[in-house]
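Dock chain one against chain two, each of which comes alone in its own frame, and use the hints as you go.
Line by line, the protein sequences are chains G and P. If you read the first sequence in my numbering, its first letter stands for residue 1, the second for the next number, and so on. If you read the second sequence in my numbering, its first letter stands for residue 1001, the second for the next number, and so on.
To be clear, the hints were calculated from the coordinates, so they are not data collected in a lab. Relax, there's no trap hidden among the hints.
Restraint ranges, calculated between C-beta atoms of paired labels, are given here:
{"no.": "1", "chain 1": "G", "residue 1": "G322", "chain 2": "P", "residue 2": "K1105", "range": "49 to 55 Å"}
{"no.": "2", "chain 1": "G", "residue 1": "A126", "chain 2": "P", "residue 2": "F1095", "range": "39 to 45 Å"}
{"no.": "3", "chain 1": "G", "residue 1": "P72", "chain 2": "P", "residue 2": "T1118", "range": "44 to 50 Å"}
In silico PhoX-like cross-links for lysine-lysine, where the CA-CA straight-line distance does not exceed 25 Å:
{"no.": "4", "chain 1": "G", "residue 1": "K153", "chain 2": "P", "residue 2": "K1199"}
{"no.": "5", "chain 1": "P", "residue 1": "K1105", "chain 2": "P", "residue 2": "K1183"}
{"no.": "6", "chain 1": "P", "residue 1": "K1199", "chain 2": "G", "residue 2": "K103"}
{"no.": "7", "chain 1": "G", "residue 1": "K69", "chain 2": "P", "residue 2": "K1199"}
{"no.": "8", "chain 1": "G", "residue 1": "K153", "chain 2": "G", "residue 2": "K105"}
Note that beta-carbon positions come from the ideal geometry of N, C-alpha and C, so glycine has one too.
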Amino acid sequence: MTDLISLKGVQKYYGDYHALRDIDLTIRGGEFFSLLGPSGCGKTTLLRVIAGFEEVSDGTVVLSGRDMKGVPPNERPTNMVFQSYAIFPHLSVAQNVAFGLRKRKDIDKASRKSLVEEALKMVGLAGYGDRRAHALSGGQRQRVALARALVLKPKVLLLDEPMSALDRKMREHMQVELIRLQRHVGITFVLVTHDQEEALVMSDRIAVMFEGEIGQVDEPEALYRRPKSRRVAEFIGKMNFLPARVTGIGPGATPVARPAAQDEVVPGRIPQSRAAVKLSGLMRRGGEPAADTPATPGEAMISLDIAGLGQAQVPMHQAPEGAREGEVAVGVRPETLAILFEGDQAPRHECPGTVDEVVYYGDMTYYDVRVKDVPQPLTIAMKNLMGRPVLEVGQSCRIGWDDRALVVF
Amino acid sequence: MSSGSPLTQDQSRAIRLMGLPFAYALALLAIPLGAVLLFSFWTQDFMTVDTTFTLDNYREVAESPIYGLLLRRSLMVSGLVTLVTVVLAYPVAYFVSFHVAPSKKSLWLFLITIPFWTSYLIRVFLWKVILGYNGVINSGLTQLGLIDEPLTFILYNVNAVIITLAHAFAPFAILPIFVVLEKIDRSLLEASRDLGETKVSTFFWVTLPLSMPGVVGAALIVFIPTIGDYVTPELMGGAGGKLIANMIQTQFLQLNNAPLGAALAIVAMVCVAGISILFVLLNRRWLRRQT
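If we strip away everything but chain P, and leave its shape as in the complex, we get (with noise of 0.2 Å):
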């Protein structure tokens, strides 16, 4: 189409639609990602700051173990509560998708979103409270005799972190699976037991291959947001259990070092997205395996 033709239906409908979702995602998402990548190039001297094009911040981020020992843990945890809430939500969808009464299903959806009516924030407290070192575990594990002293792998270290998140997670990951499962027919199932095989393999042969997509956007939706979370491991990691989102907010607030900060968290997030290309390629092979 040559420039200054009349736009047609669709492009005119196109804007309409999409035009105000665009200006919110360009004012609230484009520029001050712009911003970042702007200032993880510039540095702090001291109160001001030195804006002459730099790659120092990265030098940095490159040299000091301790960044890549934060992301690492960052990656691991990620990974871990990505791999424990899937492979958690799965039953559960499973359950609601074959096994619950198609009048009753969104029911069990509704009450699966219940998480969702308490803040984030009071999620993460609540978590303390179970876990503590007071906590109910504890104090119910040892009221029972079966422990002399409390638990202390479940609080302030990486496990409580995982366990929290997973929680927090567990809806986003539930629905995705839910929806793959309630697609696939029926009948291939039964072709399935038909031609010889068992309940348990026909769920490995024929109902795990065809859910992969929904496991799969699964993991991205839990992975992405996990590894920039830092509420949960401000509360729950303890000194050990601190991971990159952390020292980014550490540097931006309590360093005042804006410019590194920025660095790290374009560091990150080139992490997560290659990360996450890999996982929506996977996908990709599944899906033209399939349809």
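Bound conformation, chain G alone (with noise of 0.2 Å):
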């Protein structure tokens, strides 16, 4: 895959307002990629700054080899679905879609019609094209929209936030179909959007967004397993912090020994055809503690004494920011977290605890659980397997932990 999109030292000023800080990216063609993060954190303007509707302060933005400088967004080969869907009130949805079509002058009037057909059977809407714009819904509009974009065949979509105006059904089925629709037409789409599990389910790469700053950009389940600073962890998903000592770094070298093979399977763990499976919902619902990949020969072990849970050594690679002696925090995910019952396996390091909520979802029961010496409870997620009991509040536990699955900041 080549670099669609080449993002260098982009700075974005509104007066003394920093909006956009040294922002270098690159998005490889036919990507699905998403900007994720908080409101106000600058990926709507950044999506702009690509669209052409915002001149960067300073830095390039490269388009498909192109330096975009000064080049309007008439003239670029990027197309934008807006969060308003902006439909053309005055115009049919056959006009709307063919709004784009009609400054082509390689095509004729038989051959834009026939492209109309197809982009609303694309979407779904064949035999709507007279429809006026306010007769349609809000998931119509959406797919009025998409179709008109992708007529124009741009090499990049670029998507604004396209299902916040979307109930919660219909988000997820649009999301499916979204994916369905990037692969058929195999264009390249950037997706702007606060919902991280949207990003993760449709994405093929995120890049975390901060207050004008990328945060991190890596494949989804990268993102989640390994976030590369502790904002990224709190922001993706739930995370448990607790604080921690690092007694020693060295090349204490002895790779932990790895039970199995490398392309074991592992519960929880997401397998590659992602689509497929994340949209069945494995990921929101987590999974068992799952192994991460293992410390490489040589490579630098950390020495840690962990809050409540006591002492572990990790490789270097589990502390994405670096790590010194002293002071620190570990992260660690509830799925990773297990509650031990009966006839469980013995995990690697197990600790007691006490329950001190239990929040019961049917599929998943999620506990917090207090840990002596850890001044926050930890939360753990657990299927309810057959057989398997939920807790009360009170009772008392093991909690069995994974050095490997721990994330040093």
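Below is the structure:
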């Protein structure tokens, strides 16, 4: 895959307000890329910079090999689906879809008509051509907006929070459809969203943004399992943070022995055919404590003394921001912790705790468990497997944990 | 609802809210209008009015060429005033809506209404000072050596009437256009740019069609009152710039022929009403295409 979009040192100021801070980013051809972040993080500004609605204060934007400096939106190989969908109210559905085609000298009236029909069919609106915009529902408007942009066969389709106006059912439905559509047309999609689940489900890669900066660009799984900073970890999913102390860093380099082959199927690990499995909702449900990449031979090991949990040794790559001796925080996802029931496999480590809160979700139960010397109760996600009881508040339990699931910040 | 049943809440609220304005409108609009209509079917018999029903006044209006001429001239002047006003008002409304910071918009609208601070009559006289034989424009151009003798096509003729009326009615045209422009979703303009249109073609394909209801509204607001205006043509029109309203006034007050004046007024009103209805239908069509 080649770089289709390349941003270098992009800065954007609105007066004194620094909206984009030194953005470096490349997006590959055919990729489904998401810009994810809380509101006001600059993700929409970045999308508008790519579309040409905002001039950069500094830096370069290159689209398919061409510097976009001074190139207006109408001359860029991008098309956009607006948050409000921006369907022209004075035109019919077919006229809306044909809007951008009128300019194309190489397309005559007859083929324009068939292109419009084709595009409407693609988004499931065949036969809606004569309708007026006001006669459409939110989901239908979004489809018209999609058809209107895709009929032009842009190199990049930009989507500005396209799901935010839809109800939950419709949103989940459109997520699946968008993924299908993207595979079908093979066009690069750049999606802006504040919904981490939406980004995880849909994207090939995600850029997480905070306050005008990119915190991390990674594949969904890497982003979830190996957040490079604490704020990324906090924004994506739920993570427990425990105070810890690095007692030593050394070429202790006895790689932790790994019981099985590298390509073993680990429960809870997300398989590669992401769209299919993720859409079934596995991602959201979490899973069993998952083993992670083992230490490579010779990799430095960090010795940790974690509040409540005790001693552990983790390879250097589990400390994405690097590690030094002294106070640190250790992050651990709720689904990588386990409450031990009879008959469960012996965990690598365990410690005692007391159930503080129980939230029952049907397929899952979320426990808050107090552990001695840990300031905040640990959130633990457990699958309600057959024969597994749901504990009650006040019950004492044993917690299993795995040093391979720890992230040192 | 059968008669005699108590009023619904909506009806009694309507009466409470609308009763007084309705009575006011009845006393000051409907009754005089009815009187004018009645008068138009009577005849003036020297000092008294002959109250036998007749269509003689209308016959005279139709047969005397002077009335037709005045009516056509009035419609032409009103049409031109409307055209000039709307064409000049649109860019102002556009500028305030699209290029003035939101916090400054109300200040701009306030400034646009400044001409209303002085009376209409004084404003007309001011235009006399500007356009006159020794007025600002002529003496200015003479001083600069651009002209040898004063321009005469800008005073005491139809041109002067159009200039003065267009200025007087500008705010009435700016405001409705501004309101419609304000309501246009700006992302529609971005969508148009995104789909390949330039700034200029976006205006013609998106902004202008979406603002047409405001343009039609503005045209109506200017057209209807200008056709009945007689102050400006009286003061600025000279001999050749008199309009139908001046003739009506002459019939009523100078020739003492109220019935003929009334018939002229009714004919003028029917013309305006006909053209206005056409405008409204036009407006409807735009609205239907949009909502």
